Every structure is written in C-alpha cells, then in structure tokens.
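Undergrad: So the sequence lines, in the order shown, correspond to chains A and B. Per the numbering used here, the first sequence starts with residue 7, numbered consecutively. Per the numbering used here, the second sequence starts with residue 7, numbered consecutively.
Calculated directly from the structure, the hints in this document are not laboratory data. Every value quoted in this text rests on a predicted model; they were computed, and no experiment measured them. Hints are supplied without guarantee of correctness; some may be wrong.
Any copy will do: because identical chains look the same in the list, a pair fits if it lies in one copy or spans two.
Using 16 Å as the maximum straight-line C-alpha spacing, the simulated EDC-like pairs for lysine to aspartate or glutamate come out as follows [to be verified]:
id, residue 1, residue 2
1, K159, E48
2, K159, E37
3, K26, D275
4, K71, E193
Letter by letter, the chains look like this.
There are 2 protein chains.
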Amino acid sequence: LTAPPTISALGERQLVERLKSRFGPDPDFVEIGIGDDAAVVEGVRGESLVVTTDSLVEGVHFARKWTSLAAVGHKALAVNLSDIAAMGARPRFALLSLALPAELLVSEFDELIDGFATLATRTGTTLVGGNLTRSPGPIIVDVTVGGAGHRRKLLRRTGARPGDRLFVTGLVGGAGAGLEMLEQGLERNGMDPDALDCLRAIERPEPRLRLGSIVGRSRAAAAAIDLSDGLADAAVRLAEAAGLGVAIDGASVPVHPGARTWWSSRGGDPVAAALASGEDYELAFAVRPRLRRRFLAAAARCSELRVTDIGEFTRDAGFWCVTGGARAPIGPSFQHF
Amino acid sequence: LTAPPTISALGERQLVERLKSRFGPDPDFVEIGIGDDAAVVEGVRGESLVVTTDSLVEGVHFARKWTSLAAVGHKALAVNLSDIAAMGARPRFALLSLALPAELLVSEFDELIDGFATLATRTGTTLVGGNLTRSPGPIIVDVTVGGAGHRRKLLRRTGARPGDRLFVTGLVGGAGAGLEMLEQGLERNGMDPDALDCLRAIERPEPRLRLGSIVGRSRAAAAAIDLSDGLADAAVRLAEAAGLGVAIDGASVPVHPGARTWWSSRGGDPVAAALASGEDYELAFAVRPRLRRRFLAAAARCSELRVTDIGEFTRDAGFWCVTGGARAPIGPSFQHF
Numbered sequence: 007l008t009a010p011p012t013i014s015a016l017g018e019r020q021l022v023e024r025l026k027s028r029f030g031p032d033p034d035f036v037e038i039g040i041g042d043d044a045a046v047v048e049g050v051r052g053e054s055l056v057v058t059t060d061s062l063v064e065g066v067h068f069a070r071k072w073t074s075l076a077a078v079g080h081k082a083l084a085v086n087l088s089d090i091a092a093m094g095a096r097p098r099f100a101l102l103s104l105a106l107p108a109e110l111l112v113s114e115f116d117e118l119i120d121g122f123a124t125l126a127t128r129t130g131t132t133l134v135g136g137n138l139t140r141s142p143g144p145i146i147v148d149v150t151v152g153g154a155g156h157r158r159k160l161l162r163r164t165g166a167r168p169g170d171r172l173f174v175t176g177l178v179g180g181a182g183a184g185l186e187m188l189e190q191g192l193e194r195n196g197m198d199p200d201a202l203d204c205l206r207a208i209e210r211p212e213p214r215l216r217l218g219s220i221v222g223r224s225r226a227a228a229a230a231i232d233l234s235d236g237l238a239d240a241a242v243r244l245a246e247a248a249g250l251g252v253a254i255d256g257a258s259v260p261v262h263p264g265a266r267t268w269w270s271s272r273g274g275d276p277v278a279a280a281l282a283s284g285e286d287y288e289l290a291f292a293v294r295p296r297l298r299r300r301f302l303a304a305a306a307r308c309s310e311l312r313v314t315d316i317g318e319f320t321r322d323a324g325f326w327c328v329t330g331g332a333r334a335p336i337g338p339s340f341q342h343f
Numbered sequence: 007l008t009a010p011p012t013i014s015a016l017g018e019r020q021l022v023e024r025l026k027s028r029f030g031p032d033p034d035f036v037e038i039g040i041g042d043d044a045a046v047v048e049g050v051r052g053e054s055l056v057v058t059t060d061s062l063v064e065g066v067h068f069a070r071k072w073t074s075l076a077a078v079g080h081k082a083l084a085v086n087l088s089d090i091a092a093m094g095a096r097p098r099f100a101l102l103s104l105a106l107p108a109e110l111l112v113s114e115f116d117e118l119i120d121g122f123a124t125l126a127t128r129t130g131t132t133l134v135g136g137n138l139t140r141s142p143g144p145i146i147v148d149v150t151v152g153g154a155g156h157r158r159k160l161l162r163r164t165g166a167r168p169g170d171r172l173f174v175t176g177l178v179g180g181a182g183a184g185l186e187m188l189e190q191g192l193e194r195n196g197m198d199p200d201a202l203d204c205l206r207a208i209e210r211p212e213p214r215l216r217l218g219s220i221v222g223r224s225r226a227a228a229a230a231i232d233l234s235d236g237l238a239d240a241a242v243r244l245a246e247a248a249g250l251g252v253a254i255d256g257a258s259v260p261v262h263p264g265a266r267t268w269w270s271s272r273g274g275d276p277v278a279a280a281l282a283s284g285e286d287y288e289l290a291f292a293v294r295p296r297l298r299r300r301f302l303a304a305a306a307r308c309s310e311l312r313v314t315d316i317g318e319f320t321r322d323a324g325f326w327c328v329t330g331g332a333r334a335p336i337g338p339s340f341q342h343f
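Full structure from sequences and hints, please.
TA: Structure, rendered in structure tokens:
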C-alpha cells in the first residue's frame with residue numbers, strides 16, 4: 007500500500023508540464039506561451055485590450071469540505087470571464103497563479119486544473135502563463151484574463167441617464183441560497199432540481215459572455231456591470247457612477263425558484279434576500295427607453311437566457327426597492343476584510 | 007488612547023480609493039482604469055503584448071519580522087518587471103491582487119502600496135486594476151504586468167547555439183547571502199556596506215529593464231532569462247531550451263563581495279553558493295561570438311551595470327562549472343512545494 011503522491015514530490019517543473027499537457031496547441035495569436043519569462047500575445051488590430059484579475063481564497067470564498075476542486079478551478083476562471091462579459095468584450099487569454107499547500111495530492115491538482123481547463127476551452131480562453139508557489143495554508147487561485155473589444159462598443163459602468171431602464175439577465179438569489187445550503191451541509195442526494203440549481207449557481211457560475219458581447223456590439227446598452235456583489239450592489243453602483251438614484255420594482259425581480267422556496271420556508275423575504283445576496287454573476291444593464299427594443303432584440307439572440315426589466319434610474323439620488331406602495335432602501339454591499 | 011485602525015474598519019471601497027489616490031492620473035493609453043469591471047488598455051501599433059504574473063506569499067517568500075511591507079510591495083512588482091526585462095520588453099501596466107488579513111493596519115496597507123507605487127512610478131508602470139480580498143492568514147501579493155515589445159526583438163529563452171557565450175549582468179549571490187543574514191536575525195546597525203547591499207539585493211531587487219530593452223532592440227543576444235531561481239538554474243534552462251550543455255568558468259563568476267565574505271567566513275565555497283542561490287533578478291544572455299562586440303556596446307549604454315562573460319554553450323549536453331582543471335556538475339533548481 008502506498009500513499010497517493012503529493013505535489014511536493016513532483017515539484018514545480020513537472021507540475022507545469024502536467025498543466026501544459028492538459029491544454030491543446032496554442033492558437034496563432036499566442037507568439038510565446040507557457041515556459042518563457044513572460045507570455046507574448048499579438049494584439050487585435052483596432053481593438054483594445056480588456057484585462058481583469060480576481061482570486062478565490064480557501065476559507066474565504068470556498069471550503070474544501072463543501073466544494074470540489076474542479077468547481078474551484080471553474081469558478082476562479084468564471085468570475086474573471088464575468089468581468090469580461092460585463093465589458094461586452096470577448097476573452098482571449100488567461101494567466102493562472104496558484105499558491106498551493108505542499109500536501110495537496112497530485113490528483114487534487116489535476117482536478118483543479120481540469121475545472122479551469124474545461125471552461126477555458128469552452129470559452130476560447132487560452133492559458134498563456136502563470137505561476138506556481140507553495141502556500142503555508144490556504145489554496146489561493148488568482149486568475150488574470152485578457153480580452154478584446156472595440157473601444158466604442160465596450161460597456162462601461164458609467165453612462166446611465168435618468169429614465170433609463172435597469173435590466174438583469176437570468177435569475178438572481180440562486181447563488182446566495184446555494185451558499186447557505188452548502189454552509190448548512192445539505193445532502194445533495196434527493197435534492198429537488200431547483201435546489202440543485204442553486205448549488206450549481208454558487209459553484210459553477212456561467213459567465214454571460216455571449217450576451218455581453220452581443221449587447222456590446224449592438225450598442226443598445228448605456229452601461230453594464232456584473233452581479234458579483236449582488237443585484238442591489240450592482241444597481242447602486244451603476245446609479246452612483248452616473249450620479250443618479252435607482253428604483254427597483256420588487257415584484258419584477260426574477261428570483262430563482264429554488265432560492266424563493268429556500269428563503270420562504272425560513273420565513274424570509276425572498277426578494278430582499280435575492281437583492282442582497284452576491285455571486286450570481288449575471289449582468290445588469292442601463293438601457294435608454296428609445297433603445298429598449300434594440301436591446302431586447304439583441305438579447306433575444308441569446309434565446310437560452312432571459313432578460314428582465316426590473317426598474318429605472320432616477321434623478322433623485324436615493325436607492326430603493328419599491329413593492330406595492332412601500333419602498334425599502336437598498337445599499338451597496340460593504341465588503342468586510 | 008485608541009487602537010490604530012485596521013483595514014477591516016475601512017472596507018474594500020475605501021481601500022480602493024486610498025490606493026487610487028496614491029497614483030497620478032492615468033496616461034492616455036489607459037482607456038478605462040481602476041473602478042470598472044475590467045481595465046481597458048490601448049495596444050501599441052506593431053508591437054506585441056508581453057504579460058507575466060508572479061506572487062509573494064508571507065511565510066514562503068517573506069517574513070514580516072524580517073522585512074518591511076514597503077519592501078514587499080516593491081519586490082512583488084520588481085519580480086514581474088524582471089520577467090519583462092528578460093524579454094527585452096518595456097512595462098506599461100500592472101494589476102495588483104491582494105489577499106490581506108483583516109487585522110492588517112491601515113498604515114501597513116499604505117506602506118505596502120507605497121513600496122509598489124514608488125517602483126511603478128519610477129519604471130513607468132501604470133496600475134490599471136486589481137483585486138482586494140480577505141486572507142484567512144498570510145499576506146499574498148499577486149501582480150500581473152503587461153508590457154510591449156516588437157515581436158522580432160523580444161528575447162526568448164530558446165535560441166542559444168553551441169559556441170555562444172553566456173553573459174550575466176551585475177553581481178550574483180548577494181540576494182542568497184542577504185536571505186541567510188535575514189534568517190539569522192543579523193542586526194542592521196553597524197553592518198558593513200557590502201553586507202547591507204546583500205540585504206538590498208534580497209529585499210529591493212532592481213529589475214534590469216533598461217539593459218534588457220537596449221539589448222533586445224540591438225538584437226545582439228540570441229536568448230535571455232532572468233535569475234529568479236539562481237545563475238546555475240538560468241544557465242541550465244537556456245541550455246536545455248536549445249538542447250545544449252553549458253560550461254561556466256567558475257573564476258569569472260561575479261560574486262557579490264558581501265556574499266563572498268559571508269560564505270567564506272562560514273567555510274563555504276562562494277562561487278558554488280552564488281551559482282546555487284536564487285533571487286538575484288539579474289539577467290543572463292546567450293550571445294553569438296560574432297555579435298559579442300555589438301552586445302558589449304549595447305550593454306555599455308547602461309554604464310552603471312556591468313556585464314560579465316562567464317561561460318559557453320556546448321554541443322555536449324552536460325551542465326558544468328569549471329574551476330582550474332576541475333569541473334563540478336550544476337543543475338536546475340528543484341522547487342519544492
């Protein structure tokens with residue numbers, strides 16, 4: 007009987023080789039890929055470089071007892087791709103920086119890489135470089151993604167005007183409810199499909215690349231942001247960036263059915279919970295009333311993904327969720343350290 | 007009496023504002039800087055994008071009891087700039103991804119940023135984005151740098167031929183000796199200047215951007231690499247990348263005088279120690295014999311930095327350090343996790 011090998015037995019070079027072998031040959035725009043001091047990437051003529059970085063830290067963003075390392079690898083890339091989608095850009099390359107404990111098993115390393123690589127391949131994102139280092143404790147996955155887009159068609163955060171409509175893609179609250187299910191150690195066996203989809207939302211968010219890119223090219227949206235910190239936070243930030251207020255129509259918020267059931271059964275208000283909970287990685291857009299039809303036509307080209315008109319940007323600088331006659335204040339999320 | 011404020015009291019948004027205020031206005035090539043979902047950077051017409059990422063992890067790469075956070079901020083950027091230098095490229099922008107413990111003081115945060123910002127400003131590197139997250143323990147500073155260079159003038163790792171000379175910049179071994187001094191808790195007060203310079207080498211490495219860029223443009227070098235993992239490792243990797251061997255002339259290795267004194271006084275072989283020790287962040291080049299004069303003329307334009315001819319690439323695939331009549335094998339460093 008032998009113990010399964012740890013990454014410390016392999017060392018950095020063999021791990022890099024293992025990682026490279028998981029990916030196919032580089033596309034032509036990659037002049038120098040993994041293995042030199044730096045990667046070299048050809049630009050796209052007439053387009054700008056869109057770059058973003060985001061990390062997942064064990065004990066902060068995930069716990070290994072709840073989540074597979076394949077899901078961690080997927081999500082570390084997905085949260086970056088969501089930022090690229092929110093700019094209306096398309097991804098081209100990624101850098102993967104890993105800090106890993108020495109006792110991690112090679113099979114666990116492979117699992118992490120596999121989650122990353124599967125999403126990278128599916129979204130046309132080429133891994134061109136990165137870094138491997140030892141961690142004294144937590145697994146840290148830091149990803150940088152570079153994308154491209156036409157300067158005038160990129161979706162900024164600023165740009166909303168009073169009277170613009172607020173749209174959101176997909177369903178919200180699923181990831182927040184899914185996180186609570188994970189934290190409470192719910193058994194997946196026998197879970198109903200809506201609840202399972204909440205787990206998928208928190209573990210395997212799907213970046214809205216196609217919709218972001220189509221909306222960007224259509225020039226139908228005045229501003230965009232992703233929902234990493236929740237719908238309320240996203241709406242407030244779009245409003246703040248333009249010096250405006252925002253009023254969300256509570257009844258129209260597309261709450262995930264699994265989240266609705268989860269929070270209702272606990273005596274909570276599903277809409278308030280969905281507004282406040284983060285990590286849905288949907289997109290929010292500000293759309294001029296006169297471009298509403300163009301926006302919906304563009305969005306309809308992504309037939310699998312719904313978009314919902316949920317409110318309006320206002321000259322009045324307050325941030326509200328209006329339900330029936332009552333209005334409740336909403337705020338940006340405060341990220342504690 | 008009040009306790010000094012921690013970063014958890016400020017939260018992410020205020021910290022980002024604090025960070026932004028440390029930098030001047032963005033140059034024109036930055037279309038969208040800090041504060042949107044992603045940064046947008048204009049490409050350089052006719053040049054390629056050169057990207058690299060590297061991280062410093064507390065407890066692995068530094069200990070706070072030895073080193074100031076200003077030095078950590080400096081070094082986290084410097085190690086990336088060294089990779090850009092080794093490509094013969096020039097830096098343009100950086101992304102800074104920080105995982106920080108909640109109890110970090112705001113003054114310590116400022117110190118870390120200051121070390122980063124001072125080097126960024128001096129080297130013309132614009133911070134365009136990043137990420138702040140909580141760490142359950144260690145400080146982790148993950149930096150990505152994007153640079154630019156003409157495709158045909160970039161310095162790859164492959165390209166050495168038998169008979170090419172091996173050159174190295176500056177002095178070697180200083181960082182390795184400096185690390186030992188730090189680990190042994192040496193008192194800085196009253197240290198002699200050579201020993202102090204060993205501490206500077208490990209704490210505040212100076213990326214060889216100017217020399218790398220001049221040599222790249224001159225097309226006098228066939229290949230290049232930086233010395234992050236030591237001179238022996240760099241020489242072996244340049245040789246391996248070309249399917250060659252390498253013979254270093256031990257007597258010609260420019261050992262840092264502080265390191266020579268340090269290792270000699272401990273009964274060690276200074277040349278062997280300098281070859282094996284890492285983190286000098288100098289550059290190594292393979293140079294065709296017929297381009298030797300052109301290389302030296304290019305290097306002479308960086309009059310403050312010496313370059314030394316220390317050996318030769320060989321058809322014979324061994325890796326050796328030759329001293330007098332004796333030869334000792336050298337190997338690539340094995341990075342344990």
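Undergrad: Each hint needs a verdict: does it hold in this structure or not?
TA: Evaluation of the provided hints:
1. Within a single copy, K159 and E48 get their C-alpha atoms only as close as 21 Å, which misses the 16 Å cut-off; across copies the closest is 14 Å, which meets it.
2. In this homomeric assembly, K159 and E37 come within 16 Å of each other (Cα to Cα) only across copies, at 12 Å, whereas the closest approach inside a single copy is 27 Å.
3. For a Cα distance limit of 16 Å, the shortest separation of K26 from D275 qualifies neither inside one copy, at 48 Å, nor across copies, at 38 Å.
4. Taking the shortest Cα distances, K71 and E193 sit within 16 Å of each other inside one copy (12 Å), while across copies they are farther apart (45 Å).
In this structure, the one hint that does not hold is number 3.
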